[in-house]
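S.K.: Next come the chains, spelled out residue by residue.
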Amino acid sequence: MTTSSDQPVPESSAVQTEMLGFLAKRTGTTWATDADVFGSGGLSSLFAMELVVHLEKSYGIAIRGADLRMENFRTVRRMAALVERLRQPAPGGSGA
Amino acid sequence: MAAENGTPGAGRRLAVLGAGVMGSGIAALAVGHGIAVSLIDPDRRRLAEAPARIDHQVRMARLMGALPEEAVPGALDTGPSPADLPAAGGLAPTAVIEAVTEDADAKAKALADVSALVAPGTPIISNTSSIPIDELALATARPVDLIGTHFMNPPYLIRTVEVIRGTHTGEATLDALRALLAALRREPIVVEDAPGFVTSRILHPMINDAVRVVAAGTASAESVDRLMRGCLGHPTGPLRTADLIGLDNLVDSLWVLHSRTGDEGCRPCDLLLELVRAGHLGRKSGRGFYEYEGEQA
Chain A
1 MTTSSDQPVP
11 ESSAVQTEML
21 GFLAKRTGTT
31 WATDADVFGS
41 GGLSSLFAME
51 LVVHLEKSYG
61 IAIRGADLRM
71 ENFRTVRRMA
81 ALVERLRQPA
91 PGGSGA
Chain B
1 MAAENGTPGA
11 GRRLAVLGAG
21 VMGSGIAALA
31 VGHGIAVSLI
41 DPDRRRLAEA
51 PARIDHQVRM
61 ARLMGALPEE
71 AVPGALDTGP
81 SPADLPAAGG
91 LAPTAVIEAV
101 TEDADAKAKA
111 LADVSALVAP
121 GTPIISNTSS
131 IPIDELALAT
141 ARPVDLIGTH
151 FMNPPYLIRT
161 VEVIRGTHTG
171 EATLDALRAL
181 LAALRREPIV
191 VEDAPGFVTS
201 RILHPMINDA
211 VRVVAAGTAS
221 AESVDRLMRG
231 CLGHPTGPLR
241 TADLIGLDNL
251 VDSLWVLHSR
261 TGDEGCRPCD
271 LLLELVRAGH
281 LGRKSGRGFY
291 EYEGEQA
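So the protein lines, in turn, are chains A and B.
Numbering of the first sequence is given in full-length UniProt numbering, commencing with residue 1 and proceeding in unit increments.
Numbering of the second sequence is given in full-length UniProt numbering, commencing with residue 1 and proceeding in unit increments.
Same shape as in the complex, but just chain B (with noise of 0.2 Å):
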């Protein structure tokens, strides 16, 4: 039976494009909270493996207390096409975030499809570290229906949200999205659009530097972490930070920067490089600045 009174999140279905690692991640906390979810992925052993994923980050959150002692787990369905939204679950979904993976193309494409199969007026949010909403816009039938939020991982321990208006996102769009964060009891942090925002702005370049330390032999990661950490203030680290964003999706990110600031300080330095190569990608492949035997991600 669907959630009820006393579940934040009753009544509403949330529709996630992409099982990678931040869609999973919101998929659980909108499960977590009580909203059904319409989990999307043309890759299908990736849609195969999510809702063991997404179960183990609902645990991880109820264990860890930050999922509301009252909530009863949304119903989670997965399918490999957004074409079969409408029919899934005989609801439409009250909203639609795409978290597809960090290319500018890919969401478009992603943001393209769905637009044109959800009903105008349906919140369609493009979840981004650094990709401006105004671009990813051009791709939409209705930009005033698109909005952007930058989750961080995990989005069930993280409570504040960046929210990204664009030149035409709608005053309606922007009240539902905050209405959804309200659900999941997230707390927006609105901001105008530009490469990276606000958060990947400063801590992606400042990422890339770290690495740099570690590359001339300044400093090993576990010194820079624990220097960032003990004297900053940093919660974890940029390193152990870089690990958990994903190597591969700093890097995507850092060449948005780069591409669209002109920034040099954004272009992704070579050991990153050389780790991506290797297939070290940080937490979710075991192995990034540091290893993570027997972790799950």
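With the rest of the complex left out, here is chain A (with noise of 0.2 Å):
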């Protein structure tokens, strides 16, 4: 269902490993790329706040307006996707 054909995917492998690392360490479990983290059995949605302070952090990122929204903090592969487009000075995929 998230295998996300219809947009490119970073190789923001190093995010997704990071935030796999965080998410492992504050909840007591492991996670997959493409679980979500709200979902059943998972975690608060207060919970997604911290995770957006921490991108922000770690990233040097500001995570603001239209971006403030559940679905880019729902996997790990969505929060590494925001993370890449947010560091680059300007949309075009110029990354490859």
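Just so you know, the hints here were simulated from the structure itself, not pulled from any lab data.
As the structure is a computational prediction, the values presented were derived from the model and not from experiment.
Treat the hints with care, since some could be wrong.
In the EDC-like style, the derived pairs of lysine to aspartate or glutamate whose C-alpha atoms are separated by at most 20 Å in a straight line are [claimed, not checked]:
(1) B:Lys109 / B:Asp134
(2) A:Lys57 / B:Glu293
(3) A:Lys25 / B:Glu293
(4) A:Lys57 / B:Asp55
Starting from the two chains in their separate frames, assemble the complex, guided by the hints.
M.R.: Have a look at this one:
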């Protein structure tokens, strides 16, 4: 379902690895990159803001406005894609 | 630039007295809905920390889809004294919300000070979980302008607001509060004045009993909350709710209820008093019945 074949998923494996480590440490369980962290048996939505603050501090990005929606933080893959996008000075996928 | 058309709170300016949990939560709700806020608190350290806390809450509200898409955040200014109010922002407040600590004397003083400063006809809203509005009205110059609210925490997530009409509250004051709550997209339920009104009169003695159950060793806090959630449909459980209210605020409210109703069920139980003495005040201090490592109030 979340293979995101319609969107280019960046090779942001370093961010994914780090986020999987962060989630494992904070929750005491391991997560898959496409697992819904807020799904059944997952985290409280109040934890989402902690994810936002962690991503901002770790990657020197500012997540504001329309990017502040739960969908962007639902899986490790989506969080990594957001980081990748916000790190780039302009959209256009020049990081190939 | 100030918020313009399309933003629900455009043109309003709210003065909020008290930068504690409820004052900053109400300020965040207003700012998130495009209403300019002047936040007043004599505690300069708390005041200095307030803008970051409010920004955090506005972002949290945005993240949870609790703010209108089109809202441009309202401006926030802060100051130590209500005496600065008429000048701040060059616009007199359209309403004042008093949200200082849940202590009748502290509230009476804040209300007396501010009612001497704002124009007659400006609604003065006391946000309280239990203190009767008629009692607070004695401190104000114009009881007709005074009305009560009891916002739940966090205000940006809970849509329903208990509104308390005092004996002397004017119809225009009630109408103005209804309009303000509509701009904040909250639903008012208007009730008559009494100690604890409706929600606290029912909830706070119930939480007190839940703490007694834990103190007696009948069940852990987790088990009490899981039973109340799973069997009775309580959204968070009484003890997690207590942590969110703030155990010190809960004790203050229980004393208000106890002294005014004589109901012994409202006397704060020993475990609750012990936790407060130990500084375990709930979510805002990082620990109450639960631990909140890494979370911000």
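S.K.: All hints are to be evaluated individually against the structure, with a verdict given for each.
M.R.: Against the structure, the hints:
1. B:Lys109 / B:Asp134: The hint holds at about 15 Å.
2. A:Lys57 / B:Glu293: Holds, at roughly 17 Å.
3. A:Lys25 / B:Glu293: Given pair A:Lys25, B:Glu293 holds - Cα atoms ~12 Å apart, limit 20 Å.
4. A:Lys57 / B:Asp55: Holds, at about 16 Å.
When each numbered hint is compared with the structure, no violation occurs for any of them.
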